[in-house]
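*Asks:* Residues per chain are reported as follows:
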Amino acid sequence: KPLAKTCGPKDKYVIGFSQANFKEPYRSHVNHELERLVKNYPQFKLVIADGQASDNTQVSQVENFLTQQVDILFISPFEAAPLTPVVSRVYKSGIPVIELDRKTNGDDYTSFVGGDNEKIAEEAGQYAKKLLPDGGDVAILEGLPSSSPAIERLDGFKKGIADDPKLKVVAVQPVDWMEDKAVTVFSAMLQAHPDIKLVYTSNDLAAAGAYIAAKQVGKEKDIKIIGTDGLPGPSGGIHAVAEGQWAATLVYPTGAAEALDLAKKILIDCAESVPRVVTVPTQLITPENAKDVYAKEKF
Amino acid sequence: MTNETATPSIGVSQADARPKLRPLDYVVRFQSLLGLILVIVGGIAFSPRRHGHILFLQPDNIANIVRSISETGILALGMTFVIIAAGIDLSVGAVLGLSSVLTATLLINAGWGLWTTLPLVLVCATLFGLVQGAISTRLHVQAFIVTLAGLQAARGLALIASGNVFININYGSGPGNAPPAFAILGERLFYNTFPVATLVFLVLAVIATFFLNHTRYGRYVFAVGGNERAARLSGIPVEWIKISVYGITGLCSGVAGIVHAGQFAFGSPTDGTGYELNAIAAVVIGGTDLFGGAGTMVGTIAGAVMLGALANVLQLNDVSAAMQLLATGAIIVAAAALQTFVGRRDVRSR
Amino acid sequence: MTNETATPSIGVSQADARPKLRPLDYVVRFQSLLGLILVIVGGIAFSPRRHGHILFLQPDNIANIVRSISETGILALGMTFVIIAAGIDLSVGAVLGLSSVLTATLLINAGWGLWTTLPLVLVCATLFGLVQGAISTRLHVQAFIVTLAGLQAARGLALIASGNVFININYGSGPGNAPPAFAILGERLFYNTFPVATLVFLVLAVIATFFLNHTRYGRYVFAVGGNERAARLSGIPVEWIKISVYGITGLCSGVAGIVHAGQFAFGSPTDGTGYELNAIAAVVIGGTDLFGGAGTMVGTIAGAVMLGALANVLQLNDVSAAMQLLATGAIIVAAAALQTFVGRRDVRSR
Amino acid sequence: MTLLLEMRGIEKRFGGIQALKGVDFDLRAGEAHVLLGENGAGKSTLMNILSGNIGPDSGDIRLLGASMRFSGPAEAHAAGIAMIPQELDLVPGLDIAANLFLGSEQRTGWGTLAHRRMHAAASDLLKKAGVSLDADRPVSSLRMGERQLVAIAKALSADARILIMDEPTAALSATEAEHLFGTVRELCARGVGVIYISHRLEEVPRVADRVTVMRDGRVAGEASADAPQAELVRLLVGRSFEDLFPPRAKTIGRELLRLEHARFDPAIERAGWQAARDVSLTVHEGEIVGLAGLMGVGRTELLSALYGFEVEGRWSGTVLVGGRPTRLGTITAARHAGIAYVTDDRRGTGLVLKHSVGENVVLSTLRRITPWALVAPKKERRYVAEALSRFDVRPKLPEALVVNLSGGNQQKVVFAKELVSEPHLLLLDEPTRGVDVGAKAEIYEQLRDLTAKGLGVLVASSELPELIGLCDRIVVMSRGRTVAEFAAGASEEQIRHASTSGAEAA
Ligand SMILES: Nc1ncnc2c1ncn2[C@@H]1O[C@H](COP(=O)(O)OP(=O)(O)OP(=O)(O)O)[C@@H](O)[C@H]1O
Ligand SMILES: Nc1ncnc2c1ncn2[C@@H]1O[C@H](COP(=O)(O)OP(=O)(O)OP(=O)(O)O)[C@@H](O)[C@H]1O
Ligand SMILES: [Mg+2]
Ligand SMILES: [Mg+2]
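Residue numbers (the working numbering), protein chains in the order written: chain A, 1 to 299; chain B, 1001 to 1350; chain C, 2001 to 2350; chain D, 3001 to 3506.
Bound-form chain A, shown alone:
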C-alpha cells in the first residue's frame, strides 16, 4: 500500500517544512534550494516554518502542521531528541516524514536525507594534514558549544588529524557560528599564538570572520583557512575559496533536490517504499576545483 494516505496526480499537495532556524546561512540556503527547486513541481505548495533555534517553538510548529494536515512533513530538527516524540506522532498519523540534515531518534520517519557532520569534519582533518605536510599550530573555531553539529564537527576534525602528531591544536574557542565573534576571537588567538598555520572553522561564516581577522594583521596569505558548509553564491564559501581567500571548504549538502524527489515519488507516484536513508555525498572544495564548481552551482 502507498506510503501516503492520499496520493496520485492530485493538483495540490502541501509540503510543510519545519526548519530549525533561519539564523545560520546554511539553513537559509536550504530554504532557498527548496524554494527554487519546488518550482519544478507545480503540484507542490511549500510552507516553511522558522523554528527560531528553539525546541519548544519547533515542536509546536510541527504540531501545527499536524493540525493543518499537511500532505508531507519535511523537517530539520534543531535537536534530535526533543523533536522525536512529535515527529513520530506525525508519522504515526499517516503523514510521511522526510528528515533533512539530522535524524530524530528511533525510526518513526519515512526517510532521511543528509550528510554526515562527523565524516565531513574528518575529511577536513585529512585535508589539513595534506596542507601542512611538516605540521604546525592549528586553531579551531567551534560553533555553538553543546549543539550537536558543533560537537560532531569538532570531534570529526580532531579525529581527522589525530594520527599526525606534527599538527598541534593550540586553541579551540566557540564563536557560536557568528562572523563578528569569529573576528574578535581569532584576532585574540593570533595574538596569543602567532605561529598558527591553519584554522578549521565549523561553518563558512566563522571562516569569513577568521579571514578578516588574519587580514587585519596582514597574515591572510600565511594562514590556511578551512571552512564548512561550502555555500554557493557570491557570499558563499565556494566563492571565497575560488578567490583564494580560504584553503578549502567542505560542501555540506542540502539534499533539497533529493528530498523533493522523494516527495514526488511518495505523493504523486504513490510509491509504496522509498530508500530509508539518502546520504548525499559531501564535496571538498579546493582552489583547484572551486572555480568550476562555483560556475556550475546555480543560485
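Be aware that one or more of the hints could be misleading.
Reference listing, derived: stretches of chain A covered by chain C, where coverage requires no fewer than 3 residues with Cβ under 8 Å from a Cβ of chain C [unchecked claim]: (1) 106-118; (2) 221-235.
Chain D is nowhere near these chain C residues, computed Cβ spacing over 10 Å in every case [as the list claims (entries may be wrong)]: (3) 2059; (4) 2116; (5) 2120; (6) 2171; (7) 2183; (8) 2194; (9) 2200; (10) 2226; (11) 2236.
If the Cβ cut is set under 10 Å, some of the chain A residues that face chain C in the computed set are [as the list claims (entries may be wrong)]: (12) 29; (13) 35; (14) 145; (15) 173; (16) 188; (17) 209; (18) 213; (19) 239.
These are computed hints drawn from the structure, not numbers from a lab.
Backbone N, C-alpha and C fix where the C-beta goes; we use that ideal spot for every residue, glycine too.
Mind docking chains B, C and D with the ligands on chain A? Use the hints.
*Replies:* Below, chains B, C and D with the ligands without anything else, positioned relative to chain A:
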C-alpha cells in the same frame, strides 16, 4: 466633637459625590485580558477551516497552544513578583537551561532517582536566584547587571555540568536510564487532551496568584515596589523582600527547567535561550509596570497565553516568517495600546 | 533686610563646610571608570607574555579590542539618552541588522552609490526609532513592549529587504559591486594601528557627550527622566524629548549597521542579534540608572570598552567557553559593585 | 507625670551638614509637646532618629528610663513609637485600607490576609480621623489633603505610646485641623505622649502643653503653651518682626485674568475629580487674589485646569487673559500667556528630587539661559546663585540634592524655579505648606515686590489667616463653583461661614 466630624465629612463627601466609576473600574480590572480577547477573536475570525471545523479551536490545537507557553508561562509567574518589586531578572532562561541540564545529568549520568534529583535541582535554582538577589540588594548593584551576569554564569555552569554536550534522557531501568515516570511531563491527560506541562503551569499560576493577592508577602512586594521608603517606614523587611523575589524566579526557573527536560527528554546548556524576553514580555503585556508597584498575576497569565495564541494563529495561516515577525510586532503593540487606553484614568499613577 | 542676610550666612557657613568633600566628589565623578581600570589592571596582570612583551598591551591587540566594541559602543551611546530619559530600546540590534541589510541591498542589488545609500539608510533607521518613540509616548505603551515589537518588525523588514539571503558586498566597479571606498570601514588608519570603525565610534562619542552635557536638549533629557511631571509643569516639551531619544537610538543603530556592513563586507537579516543586551549592559555598567534621570556618557564608553577588554583577556588566555561565561559574569558584577560602593553617598538615589 | 522619653546630646551629620548639634529633648506621658523651628532646624531629623528611621551619630535615647538603640523603624514600632512623616509616605499603588495596615496586616486563621476585616477596620479608622472615604480607593487618586488624613489615620491605628506628628496639618484646612486637635487631646487624655511639629504658630495654644524651639540643629529655648506669638517668633528666627504680612498693593493695574461663569469639562472623568463648574473671578496686575474653601471643593483643579496641567479638557464661558479671549487648557498656551504654576505637591510635580538644587532652579528657564541651545555654565552659576540668595534657600549649595533639603527649603526652591521665569500671572496652590514663619515672611515679601512690579497672583490656600493677611480679595469656592467674594479685611468667621453654607446651598 460630633459636629466637627460632621463638618469635614461635608468637604470630603464632596470629594466622593463625584460619579462612582465602579463599572468602568470593573472593565479596568480586566483590562489586561483585552489583548488576549482581541487575539482569540482574531484567531477565530482568521483561522483556516477544514470541513466546517475551525482549526484554531480544535482541542489538539488548543492543547498545542497551552503547551507551547507552559514554560515561559512558569517563568513569567516568578517574573511578576520581581517586576512588581521594581526589579528585573534576565537570568531565568539560563537558569532554566541549567536546571534541565542538572536534571538530565543527575538522572542519566549520576543515575539518581526522581525524589533525590528534582528537589536538589529546585534547591539549586532557588539558591541561584537568592544569591543574585542578595548581591543586587546588599551590594546595591542594579538587578539588570546582576542578573545579566547571572545569565552568563548559569550558562557556564550548565556547560560544566553537562561536559559541553547535550544529554538525552532515555527511559527504562538500569544505569543510564531515567525512571519512566518522568516521561509523564511530556504527555497529555484526560483522554490525551491536556498537556501535563500546562497542568504544572496552571497549578503554579494558582499558587502564585494566591501568594500575590492573599498573603502578607504579596502585599509587601507591592509596597516595596511602589514606595520603598514608605515600606521601610512601615517596618517592612524591605531587604528580605527584595532578595526573596529572586528566590521565587529561581524556583520557577527550576520547575520550568524540569518541565523542559521532561517534555523534550533532553537537557542542553543552550535550553531556554532568549526565554527571559518572552517571560518579561508576557508580564509587561499583562499590564505590570516595569517601574514596579503595580501589576496582576491574571494579566501575566493572559499575556503569556496571548503570545502563544498569536504565534499559533499566524502559523496556521501559513504566514511567511517575515510577515509573522511584522504581524507579531504590530499586534503586540495594538493589544498593549488597547489595554492602556482603557486603563488610563488616573494620570498620577503613571 | 540686612539682619536677615545675617541669618542665611549660617547656611553659607554650612556651605563652606561642604567643599572639603571635593576630593571624594572627584573620585566619585570618575567612579564609572573604576570597573574599566579594574579590568585593564587584571588584563595586564593575567595577560600571557611572549619574550617579555605583554600581549594584552600589544598595539594589535588593543586595536582588536577597540574594534570589537565599536558597534555595541555606538549603540550604547544612543541607548544612554534613552535610558537617562527613563526609557529602554530593545530594537537597536535588529535595526542594526536592518540597516546593514539595506546598505548591502542598495549598494549591490540596486547598484546605488554611497552618497545616496548611506543617507537613506540613516534616515530610515532614524524614522524607525521615531515611530517607536511616538507609539510609546502617544499611546502610552511601555517602551519595553514597543521596542520589543520593534525588534521583531525590524527583523521582519530585514528578511523582506534581503529576500532572506546573505548579501555579500564585493568591491569593484560595474553592477553588483560596491564602490571600493566603502571598504575603508573594515580597515585601519595610522600605519594600520587604528580601526576606522573605532574612529567612527569615537567621533560619535564626542558628539554624544557634547549633546548630553552641553546642550539644552541634554538637560531636558535628564529632567524628563528625573521627573516627567515636574518637567512637563516647567514647560519642557516632554513628549518631543521622549520621542526624539528613540530617534537618536535609531540613528545610532543606522550608523552601527553601516559600520557592520562595511566591516564584514556583508549584510544579513540576523546581524546584530543580541547586541541590544550588550549595549544596555555597557550603559548600566557605566553607572546610568535604569530608572532614569542620572547617567554619564563617559561611563557608557568606559562600560563598553570594559566589556571588550574583558572578553579579550579571557580569549588571550584560551579560557574554556564555560569558564569565559563564569568569569565574565563574576567580573561584571565585581566591577559594578566596586563602582556603586565608591559612588554610594546618597542611598536614596537607588 | 511619668517621663516617657529622654533624648540626650543627639548629634547627626549629613555629609558636610551638621543637622543636629547635640539636642536634648524629652516627653512626658499624656502631654502634647510642640516642636518648633525654622526650615532646616533639624526637627524631622530628630524625629527620624527617634522613630528609628535613621541612626544618630552620637547621643542616647531613653524610653521610660531604658536606653534604646533602634536599628530600624520596625523596632521603634515595637517600642510603641508611631510617626506621621512630613513627606507623606504612602504606597500609591495600594488602596487606602492596604496602606493603613501596611506592616501590621490582619490575617485569618489560615494566615491569609483578612481583606474584609481590614476593610471594615479601615473605614472605622478613617472615621476616627474624621474623614469618610471608601477604604478601597487607590491612594494614587487622593489629593494632598486626603493623603494627609490617611497618614494620620495610619499613625492612629498603631495606638502607640509616643505619637510623632511632623507637620500633620500642612495639607489640611481649618475644619480637618480642628478635628485633629480634638484627636490629639483625646490621645493625651489616654496618657499618650504626642510630639507635634508645625509651622502654624496659631495652632500652638490649641494643642501645646509645652513648646520647644529648635534653631540650626540646637535647642534654642523652651516656651510655655500660652506664650504670645511674637515671643515664639523671636525664639524661632532669632529676631522679632512686627508684621508677618507686608502692606497691601497701592496700585491695581490692568486686568490679567477674567473668568465669567467659566466651566471646564475634562476629557476623561477621573475618580474624585471636582471640575470647575461655574467660576467667576478676576485678577489684576499688582493684585493677590485668594481662593478659599473646604477641602475638595476643586481649587487645585481650577488652578491645574487654568494651567492645563495633567487635565485634557475644554473651557467654556468667558475666559479672558489680558482682556483678550484665550483658549487656555494647555501648558504651552498658559506659559505663552505668561502664566506660571506652583502646585501643592512639591515632591510629585514641583521638583526633580534626584537632581541638584541648581538643576531644579533653572528647569523652567533653561530656554532663557541657554543661548544657541547651549548651556553656559558661568551664566548659569551666576543665575542660580542669585536665585538661591534671593529666596534664601538653605544650605546655599547649588550642588546639594533637593531630596536632602528640608521640606521648607524644597518649597523655596520651587518658588525660585517658577518666579525667575518672571511670569505675569502666578497660580499658587498651598504656597507656604511646611514653610517656617521667617521664610513665609520672605515669600510674602517676594510676592509683594513682584506684584509691585506688575505680577498678578491667584493663590489657593487652606490657611485662612494667610489668605486674610496676604490677599487683596478672597474668592470662596464650593463644589467647583465660586460662591462668594470678600474684599480685604473680611473675618475668618465670614469666610468659613460662606464656605460651609455655600457647600450646603450648592
Ligand atoms: N538625607 C540627608 N542628607 C543630607 N542632608 C540632609 C538629609 N536630611 C536632612 N538634611 C539636612 O539636615 C538639615 C535638617 O533637615 P530637617 O529636615 O531635619 O529640617 P526640618 O527642621 O525638618 O525643616 P522643615 O521644617 O523644613 O521640615 C537640613 O539642612 C537638611 O538639608
Ligand atoms: N490628580 C488627581 N487625581 C484624582 N483626583 C484628584 C486629583 N487631584 C484632585 N483630585 C480630587 O479632586 C478633589 C478636589 O481636591 P483638590 O485638592 O483639588 O481641592 P482643593 O479645594 O484644592 O482641596 P485642597 O484643600 O486639598 O487643595 C479631591 O476630592 C481630590 O480627590
Ligand atoms: Mg521637617
Ligand atoms: Mg488643593
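*Asks:* Measuring from the C-beta of residue 209 of chain A to each C-beta in chain C, is the shortest one below 10 Å?
*Replies:* Interface hint status for residue 209 of chain A: holds (8 Å vs cutoff 10 Å).
*Asks:* Determine whether the non-interface label on residue 2194 of chain C survives the test: each CB of chain D must be over 10 Å from its CB.
*Replies:* holds, 30 Å
*Asks:* In terms of Cβ atoms, is chain D entirely out of 10 Å range of residue 2171 of chain C?
*Replies:* About 41 Å separates residue 2171 of chain C from the closest Cβ of chain D, which puts it past 10 Å; holds.
*Asks:* Closer than 8 Å, Cβ to Cβ, for at least three residues: run that test on the stretch 106-118 of chain A against chain C and report holds or violated.
*Replies:* Contact hint for the stretch 106-118 of chain A vs chain C: violated, 0 residues under 8 Å.
*Asks:* Would you say the stretch 221-235 of chain A counts as covered by chain C, given the rule of at least 3 residues with C-beta under 8 Å?
*Replies:* holds (count 3)
*Asks:* Hint validation: residue 35 of chain A versus chain C, beta carbon distance must be below 10 Å. Holds or violated?
*Replies:* Holds: closest Cβ of chain C sits about 9 Å from residue 35 of chain A, inside 10 Å.
*Asks:* Taking the shortest Cβ-to-Cβ distance between residue 2183 of chain C and chain D, state whether it exceeds 10 Å.
*Replies:* holds, 37 Å
*Asks:* Take a quick look at residue 2226 of chain C and tell me if its Cβ sits farther than 10 Å from every Cβ on chain D, holds or violated.
*Replies:* violated, 4 Å
*Asks:* When you look at the beta carbon of residue 2116 of chain C, is every beta carbon of chain D farther off than 10 Å?
*Replies:* holds, 31 Å
*Asks:* Once the closest CB in chain D is found, is it more than 10 Å from residue 2120 of chain C?
*Replies:* holds, 28 Å
*Asks:* Interface hint check: residue 213 of chain A, Cβ to nearest Cβ on chain C, cutoff 10 Å. Holds or violated?
*Replies:* holds, 8 Å
*Asks:* Going by Cβ atoms only, is residue 29 of chain A closer than 10 Å to chain C?
*Replies:* holds, 8 Å
This entry does not satisfy hints 1, 10 and 11, going by the numbered hints stated previously.
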